[in-house]
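Trainee: Line by line, the protein sequences give chains A, B and C.
In the working numbering, each residue's number is its place in the first sequence (first place is 1) plus 244.
In the working numbering, each residue's number is its place in the second sequence (first place is 1) plus 1.
In the working numbering, each residue's number is its place in the third sequence (first place is 1) plus 4.
Since the hints were derived computationally from the structure, they do not count as laboratory data.
You may find that some hints are simply not true.
No more than 27 Å apart at the CA atoms, straight line, and that leaves these computed lysine-lysine pairs for DSSO-like [claimed, not checked]:
hint, chain 1, residue 1, chain 2, residue 2
1, B, K17, C, K17
2, B, K241, B, K165
3, B, K191, B, K171
4, C, K17, B, K165
5, C, K17, B, K241
6, B, K29, B, K66
7, C, K17, B, K191
8, B, K191, B, K9
9, B, K191, A, K428
10, B, K17, B, K29
11, B, K66, B, K191
12, B, K66, B, K20
13, B, K171, B, K146
14, B, K191, B, K146
15, B, K171, C, K17
16, C, K17, B, K146
Pairwise CB distance ranges (calculated) [to be verified]:
hint, chain 1, residue 1, chain 2, residue 2, range
17, C, I33, B, R156, 45 to 53 Å
18, A, S366, B, K146, 52 to 60 Å
19, A, A344, C, I26, 21 to 29 Å
20, B, R163, C, I33, 43 to 51 Å
21, A, T345, C, F30, 17 to 25 Å
22, B, S170, A, A421, 37 to 45 Å
23, A, S366, B, S170, 25 to 33 Å
24, A, L425, C, E54, 30 to 38 Å
25, A, L433, B, P8, 36 to 44 Å
26, A, A376, C, M100, 51 to 59 Å
27, A, S327, B, K146, 18 to 26 Å
C-beta atoms are modelled at their ideal positions from N, C-alpha and C, and glycine is treated no differently.
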Amino acid sequence: MNDKGKNRQDDAPAKASEKTSAVDASSAQKSADDSAVDSHNEAREKQPANDHQDDDAGEDGNEVIKVERTPTSPALLSQLRHSNHYHQARGLGAGRAGAATFRVQRLTAMALIPLAIWFAVSVVRMSTASQAAAAAWLAWPVNAVIMALFIVIALRHAVIGLQIILEDYVHHEGLRAVCVLVVKAIGLLLGVGAVAALIHLAL
Amino acid sequence: MAELRLPKNSRVQEGKHWKHEGDSDNLKTFRIYRYDPARDALPRMDTYSLDLDDCGPMVLDAILKIIDEIDPSIALRRSCREGVCGSCAMNINGTNQLACLCHIDDLGEGPVRLSPLPHLDVIKDLVGDLRRLYAQYESIEPWLKNDQAEPERERLQLPEDRDKVDEDSKCILCFCCATSCPSYWWTGDKFLGPAILLQAHRWLVDSRDDRTGERLDALDDTFKLYRCHTIMNCTSACPKGLNPSKAIADTKRMLARRR
Amino acid sequence: MSRPLSPHLTWYKPQITSTLSILHRFTGIVLALGAVALSWWVAAVAIGGETYAGTAWLYTSIAGQIVLFGWTLALAFHLSNGIRHLFWDAGIGFDMPTVNRSGIAVLVMTALLTLAVWLIVLLA
Chain A
245 MNDKGKNRQD DAPAKASEKT SAVDASSAQK SADDSAVDSH NEAREKQPAN
295 DHQDDDAGED GNEVIKVERT PTSPALLSQL RHSNHYHQAR GLGAGRAGAA
345 TFRVQRLTAM ALIPLAIWFA VSVVRMSTAS QAAAAAWLAW PVNAVIMALF
395 IVIALRHAVI GLQIILEDYV HHEGLRAVCV LVVKAIGLLL GVGAVAALIH
445 LAL
Chain B
2 MAELRLPKNS RVQEGKHWKH EGDSDNLKTF RIYRYDPARD ALPRMDTYSL
52 DLDDCGPMVL DAILKIIDEI DPSIALRRSC REGVCGSCAM NINGTNQLAC
102 LCHIDDLGEG PVRLSPLPHL DVIKDLVGDL RRLYAQYESI EPWLKNDQAE
152 PERERLQLPE DRDKVDEDSK CILCFCCATS CPSYWWTGDK FLGPAILLQA
202 HRWLVDSRDD RTGERLDALD DTFKLYRCHT IMNCTSACPK GLNPSKAIAD
252 TKRMLARRR
Chain C
5 MSRPLSPHLT WYKPQITSTL SILHRFTGIV LALGAVALSW WVAAVAIGGE
55 TYAGTAWLYT SIAGQIVLFG WTLALAFHLS NGIRHLFWDA GIGFDMPTVN
105 RSGIAVLVMT ALLTLAVWLI VLLA
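Isolated chain A, as found in the complex (with noise of 0.2 Å):
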């Protein structure tokens, strides 16, 4: 009996934020000595405490006056997770980043689509050229110029993608904003050697 009065204490169709607190309030009489209280949720519950040390003192003169911490109650403990994941929901913010970044991952994937058909019937062929074959190959203006394009291009696509992987699954800050500026550099080394390349074939 006693639980399915607290099923359907539940189950209550409510408002959002009452259905949070009505669930809550079932768990919370159990875990009331639930120690992992957010640091948030510990200084705002100190305030209570602090008035009635007050008003002792009001009373008692100078006698040295314990106070007991007052157990939060249950509602409002749960009250104040929610504003916690409010917060954090809201966070720093947006960015103003998103749509400019996908933007250029959408269009460097246009551009790779003709030149990934034309790097994958042509280069698969060149890797087994000889070198004289290749670097002939390569100096042609027109491979020249498509090959730069194709490099720069899909780098830059990998670069983006990778960076929005690294975003996904490290959860650190410092470490994926390393992690990013390595996969950035590592890019820019490789476009501006494959070019380098290109151009010194070319002359």
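Once you have looked at the hints, place chains B and C on chain A.
Mentor: Relative to chain A, chains B and C alone:
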């Protein structure tokens, strides 16, 4: 790093087997995720058998019958039992569905496995903690913002403009979609997820709302919006047949159009 | 006390949608590594001599050719699925039956493209 495995305190153990009493040739096995914070250190799977000849057709009917006749200690959310309230969303045989709209017969042979919506803190048994999702919903300010003088009666809207919000506003916030999205599993602390972004879109396309630009500003973020990689698990999970992926793609296009 | 996390990745039924999506990501990483190999090849051609000989030996070895084959396969998939993604970004093909059909189309196109490339290479 994103934790692809379940943490140690979340690994599911084998639980209790409740034997069926009496004869029946239409027995169905239900394996239900159980966790009671007051008693259990680890979650477990309890196994129950039901005579389907003596049970309603939906998964929710079966769970309620188990609670009534076998084990009253199972906790779940449920209310309307007809796919309107979105309370009984859970993971059924590996996909997120509403228990009240899921026919037991459609699940095929073998046991039926019930667990809470994926990648949520478990409050008890099939009840997952949805507070973050509600907070994220609040963060997109899901209410009408209109700068014009208040009309004497309701704000009127052309029928074709009403049609634009029609689909999005059918969302019942069951969060089947958000909790099916791998991107939301790994970055849900920052990514708003399909359910909330569908709602954000609902206000972006509302002809009566005057803050479209501001709303787009607030979404132009690598994490809040662009963690959506059009994986499409959300659309395939939605029990109302809505299309969060499409709404998100439309939002991304709106952002691209302003440049 | 921390609450358990409900089961996710390993309990969620594999979807054709998310499987192709993770393949897109995986092939993307393979292609990024390929871009390194390509840049190196171009540089090796420019440097010539021993460097090119070593690179050519590596690329034409059996292991090199297998990697190259895997790479064209990855390229074909990433290209086909990338086109599918561009359609989505344009707002086309979002209903589930179309999503499933375009998924199968991507797999077919991947096989055909890979075959076509290697036929051209082997015949030429």
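Trainee: Hints numbered earlier in the text: which of these fail when held up against the supplied structure?
Mentor: Result: hints 4, 11, 16, 23 break, sorted rising.
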